[in-house]
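Peer 1: One-letter residues, chain by chain:
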Amino acid sequence: MFTRAANAVIQRAAYFSELDMLGDADFGVSVSKGLDLVLQRLSVENGDPDVGRILTLAGDTFSMEVGSTIGVLLGCALTEAGKAMDGRKTLDAAGLATILRAGLVAVEATGHATVGDKTLLDALEPAAVAAEVAASQSEGLGEALARAATAAEAGSEMTIDMVAKVGRSSYLGERSKGRADPGAAFIAFFLRSMSQPE
Amino acid sequence: MKKILDNPMSVANDALEGMVLSSPDVLRRIPGRRIVLRKDAPIKGKVTLVSGAGSGHEPGHVGYVGRGMLDAAAMGDVFSAPATGDVLTAIQSADGGLGVLLVLPNYGGDVLNFSLAERKSREAGIHAEHVLVNDDVAIKERSRRRGVGAAIFVEKIAGAFAERGRGGTTSLADVKRTAETVVSNSGSMGVALAPCTIPAVGRPTFAIPEDELELGIGIHGEPGVERVKMMTADAISEYLVGRIAEDLHLASGDRAAVMARGMGGTSNMEKFIFYRDVCRHLVSRGIVPANSFVGEYTASMEMEGVHLTLLRLSDELKGLLEDPTEAPAWHSWS
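Chains as they are written, first to last, in this note's numbering: chain A, 1 to 198; chain B, 1 to 334.
Bear in mind the hints are in silico, worked out from the structure with no lab data behind them. Even for Gly, the Cβ is constructed at its ideal location relative to N, Cα and C. Treat the hints with care, since some could be wrong.
To spell it out: a stretch of chain B is covered by chain A in this simulated footprint if at least three of its residues, at any positions, have a beta carbon under 8 Å from a beta carbon of chain A; those stretches are [claimed, not checked]:
(1) 82 to 93
(2) 111 to 122
(3) 170 to 183
(4) 216 to 222
Far from chain B by the CB rule (all over 12 Å, computed), these chain A residues [claimed, not checked]:
(5) 34
(6) 65
(7) 129
(8) 168
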């Protein structure tokens, strides 16, 4: 599931870079490079890595090897999610909620941004809330992912008309309106890919 | 996109390899990594200077590695902050035992990766600190100002200061203080006429009509703070000198080091016309252009435009600026 979503992002790398044109257009390249490296590392892991291990490995890779803003932000998010999911063998709605919430807290702490600043938080926060609702209603993972994806897509859509408050596009003031934030778009895209049936 | 390259996805590595090959007496690369060291690193008994940034600013920062400037540079992908792991390896490889000063441009990605690397080096027992370069006066709030040209002045002056203190007479705190003095006495601002194209993306970073220019640009090919009608070199220099001089409270009688940079796609002829006009406007304000630097230094690939950095000089800063260096890109007219 993770592999398929990762590959989908890699193929759409150009799209994410286009969104990042108001910044420096490195988003698509950076994220694809990171996901590629994670997939390579997972393929040589002994045994069948559990959910916690996948997240931790992805976190280390993004933090140390990718560079750029998104490398460190995703790295911290995945590392914290990995700690929260340590030892968990399978993923369910509650696990998804834990991952998204842990990631959200980590990104807020590392990036010093909040919801409304036009960042990936604007997709991640609604996604975390949606997953928590699904978990509280004892829904399955599939439903939780679909809810989270829909919420993230709506959040990403909202970023189109926002003025960027952090990051390179924030230097452009009002001119940063009119395009979705690439980080938010990425979160939405990734969750939607994960929620697609195999 | 029509560029001289082989593979759009490996331009950062390929260019770095070329730079190292062109200066084999001074530079060496850590195999497989985008990290360049002084050939004779680590230098014991001297405070170590490390910097880095995304690729695409050539000759910065690889060209500023060498005796008298940086001990190491870690480079990211085009316009991407270097990875934490590479900054950390650069620190560990160049550390001479007296502490490491990171010259950190104030861009989000650089701050995140360098900070993480700094923390990890300290955990590994290396005394690492950073100086934040935030000289771009186009941004009002100081804390949000981008690090642009002044980083090169920091690398030269702090590098010279560390070199003079070889033998352990200069501490990391001393070098950091000198570096911070350079930052607080520097101001920069630039304009762009045309964008650049990041090879992996294949299209220009923005579109702009023939009769307009971007005011208040960074160095990553992005649009400026404002778009205005095209101006003569004289009008551009009057504006930039005015903005920077005002921000720095440069007064009549002050001496300044002047760095007039092309953004990579601007001809030498244009750079020197710009420099001529900058000098006139400085002199008309009673400011003495005491040291001049015309070239690229930290470009934005083939972007067309110019960027100006002014550094208010004291006798000490002037002396350090004039100290010799083996960094391959310091002494050049382009």
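Peer 1: Compare the structure with each hint and give your call.
Peer 2: For each hint, the structure was consulted:
Coverage of a stretch by a chain is defined here by at least three residues with a beta carbon nearer than 8 Å to that chain's beta carbons; for the segment 82 to 93 of chain B and chain A the count is 6, and the condition holds. Counting residues of the segment 111 to 122 of chain B whose CB lies closer than 8 Å to any CB of chain A gives 3, so the stated coverage by that chain holds, three being the minimum. Residues of the segment 170 to 183 of chain B lying with their CB closer than 8 Å to a CB of chain A number 0, which falls below the three-residue condition for coverage. Check on the segment 216 to 222 of chain B: 5 of its residues sit with their Cβ under 8 Å from a Cβ of chain A, so the three-residue criterion for coverage holds.
A cut-off of 12 Å between C-beta atoms contradicts the statement that residue 34(A) is not in contact with chain B; the least separation is 10 Å. Its closest Cβ contact with chain B, about 5 Å, brings residue 65(A) to no more than 12 Å, contrary to its assignment away from the interface. Residue 129(A), annotated as away from the interface, keeps every beta carbon of chain B farther than 12 Å; the closest lies near 26 Å. In this structure residue 168(A) is not separated from chain B by more than 12 Å, as the shortest Cβ-Cβ distance comes to only about 6 Å.
Comparing the model with each numbered hint stated earlier shows that hints 3, 5, 6, 8 do not hold.
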